[in-house]
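**Student:** Make a model of the complete structure from these sequences and hints.
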Amino acid sequence: MLRDITLGQYYQTNSLLHRLDPRVKIMGTLVYIISLFLFRNLFVYLVVLGCLVSMIKLSKVPFSFMVRGLQPVMMILFLTVICNLLFTKGTVVYSVWLITITREGIELAFYMTVRFIMLIIGSTLMTLTTTPTQLTDGLESVLSPLNKIKVPVHEVAMMMSIALRFIPILMEEADKIMKAQLSRGADFETGNIFHRVKGMLPILVPLFISAFKRADDLAMAMDARCYRGGEGRSKMRPLIYKNVDRRAYMVMIIYLIIIVAVGVFV
Amino acid sequence: MIKIKNLVHEYIRRDENDEVTDITKAIDDVNIEVEKGQFVAILGHNGSGKSTLAKHINALLYPGEGSVMVDGKDTRNTENIWEIRQSAGMVFQNPDNQIIATVVEEDVGFGPENLGVAPEEIWQRVENSLKSVGMWKYRKDSPNKLSGGQKQRVAIAGIMAMHPKCIILDEATAMLDPKGRLEVMESVKKLNEVEKITVLHITHYMEEVIYADHVIVMDQGKVVMEGSPREIFSRVEELGRLHLEVPKITRLAYELQKEGVPLKNGILTEEEFIKELKSAGVV
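Protein sequences, first through last, are from chains A and B. Under the working numbering, the first residue of the first sequence is numbered 15, with each subsequent residue one higher. Under the working numbering, the first residue of the second sequence is numbered 6, with each subsequent residue one higher.
It should be emphasised that the hints constitute simulated quantities derived from the structure, not laboratory data. Bear in mind that the values here come from a model prediction, so they are computed numbers and not experimental data. Be aware that one or more of the hints could be misleading.
When the alpha-carbon atoms are kept at most 25 Å apart in a straight line, the in silico DSS-like pairs for lysine-lysine are as follows [what the hints assert, rightly or not]:
# : chain 1 : residue 1 : chain 2 : residue 2
1 : B       : Lys136    : A       : Lys249
2 : B       : Lys227    : B       : Lys41
3 : B       : Lys30     : A       : Lys227
4 : B       : Lys184    : B       : Lys150
5 : B       : Lys145    : A       : Lys74
6 : A       : Lys227    : B       : Lys150
7 : B       : Lys41     : B       : Lys136
8 : B       : Lys150    : A       : Lys190
9 : B       : Lys184    : B       : Lys30
Stretch-level coverage of chain B by chain A, calculated; a stretch enters the list once three of its residues show a Cβ under 8 Å from a Cβ in chain A [to be verified]:
#  : stretch
10 : 26-38
11 : 121-135
12 : 212-219
13 : 251-261
Ideal placement from N, C-alpha and C gives every residue a C-beta, glycine not left out.
**Tutor:** The structure is reproduced here in structure tokens:
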């Protein structure tokens with residue numbers, strides 16, 4: 015049951031988006047998110063939507079994969095829509111008993127939903143077209159200016175990539191411990207929520223102990239292979255901008271200009 | 006290549022008040038010399054100090070007394086540790102806990118990356134070392150998909166990519182199934198013969214000792230026996246007292262010998278046993 019969770023949801027295919035430098039994609043996603051929140055204007059959203067659809071076409075990733083990213087946040091989205099509908103004050107359009115729905119409320123809920131869905135799909139698109147390793151490499155490079163204010167960027171990126179490596183291992187281990195406890199009569203399925211949370215303890219404690227042991231072993235193995243932080247380290251795949259990447263940056267700038275123009279003048 | 010002189014290592018246990026409650030001598034006055042290109046096996050049951058010894062050779066531990074010289078460099082000198090770790094690579098017991106990257110080829114490149122090797126050179130090294138352990142076709146795979154033996158071979162390739170002079174296998178076969186163990190041992194033997202890499206194999210499996218040129222048996226932190234596999238295996242009773250079991254075929258030959266069958270001492274393989282039986286006129 016724990017195996018069903020997939021992380022690092024990379025979709026393997028060969029498209030323009032897959033070939034782009036991870037830094038471009040990270041910056042692109044950032045620009046995209048900013049553009050979503052700059053204006054509350056239907057025409058702006060049409061431009062953004064058009065852009066998103068063409069990006070999805072470019073990525074050659076089936077649309078169903080993007081929707082899959084939406085499923086876990088559907089509940090939150092639903093709740094925010096309800097709250098916006100019920101608790102926004104303004105001109106009343108419909109009223110029955112305690113429930114009053116306002117024009118402003120409908121508007122807010124609509125934009126909220128549109129923003130949310132587009133935000134999730136846009137960022138899912140990035141993780142679908144970028145391998146986890148590329149993603150951490152890209153983040154390390156994009157965030158490297160923070161090094162100057164003593165943020166350990168390389169170390170954080172290294173931790174992220176190690177975490178990615180160990181997630182499946184620890185999940186398998188959790189599964190094993192769970193089965194071991196089940197075979198000794200542990201009960202994870204019945205009872206109220208508090209009861210079930212308490213039931214997880216016999217899984218978490220051994221899991222943590224083993225994770226610490228693994229961390230210790232791994233640190234020693236890294237030491238033995240001469241790891242000594244980011245300094246003096248070379249990269250197997252150094253990030254080098256190609257012409258495609260430069261053009262992608264140009265597209266981003268044009269995109270921002272169009273958004274601002276539409277937002278201000280239309 | 007490796008010169009260990011009067012090495013002593015103590016594990017000191019302290020209570021909450023920082024007072025010493027217990028001192029265990031994990032290594033007690035050990036002298037070992039390993040020549041370049043040799044295949045040396047270190048045998049011993051649990052707690053004999055063999056893993057502690059391995060960590061000393063990789064400068065993961067420093068000598069309490071005595072000295073450890075690797076390729077002419079003293080491990081006590083902290084300036085040397087990175088050079089020592091590069092020239093004496095170490096493969097650990099748990100295959101999962103020593104693979105760092107999510108893709109095989111990236112893991113093999115981790116060592117050279119740390120050494121600051123140029124990218125083109127790294128790819129060349131990755132290719133050569135993966136080919137030398139026969140894992141080249143798995144280069145794009147996730148380590149999670151591989152079997153234990155394959156993971157250990159990737160770990161060995163990761164060490165090879167650092168161009169070491171010596172590989173230390175610290176019970177690298179202990180968690181593997183018989184097939185995985187054979188895979189790993191064959192890769193290591195090949196590296197020793199073809200690339201002339203010095204190998205230090207630490208194990209408690211007697212069958213793996215037959216690959217070695219030289220065997221060192223440890224017990225309670227001391228070297229108790231030393232010699233060629235044949236010499237060691239002819240001392241069946243003594244090994245038994247150290248809780249070490251000789252391979253079945255050696256045991257059988259030994260028992261037959263005791264019953265008066267004229268066989269030579271320390272038979273290591275089945276082929277050898279059959280040949281001996283024939284020449285003894287038994288079959």
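**Student:** Evaluate each hint against the coordinates.
**Tutor:** Outcome of the hint check:
1. B:Lys136 <-> A:Lys249: holds, 21 Å
2. B:Lys227 <-> B:Lys41: It holds: about 23 Å lies between the C-alpha atoms, which stays within 25 Å.
3. B:Lys30 <-> A:Lys227: The hint holds at about 24 Å.
4. B:Lys184 <-> B:Lys150: holds, 17 Å
5. B:Lys145 <-> A:Lys74: Holds, because 22 Å separates the two Cα atoms, which is no more than 25 Å.
6. A:Lys227 <-> B:Lys150: holds, 22 Å
7. B:Lys41 <-> B:Lys136: holds, 23 Å
8. B:Lys150 <-> A:Lys190: Distance ~17 Å between B:Lys150 and A:Lys190 Cα, so the pair holds.
9. B:Lys184 <-> B:Lys30: violated, 35 Å
10. 26-38: violated (count 0)
11. 121-135: This one holds; 7 residues, not fewer than the three required, reach chain A with a Cβ under 8 Å.
12. 212-219: violated (count 0)
13. 251-261: Check failed, 0 qualifying residues.
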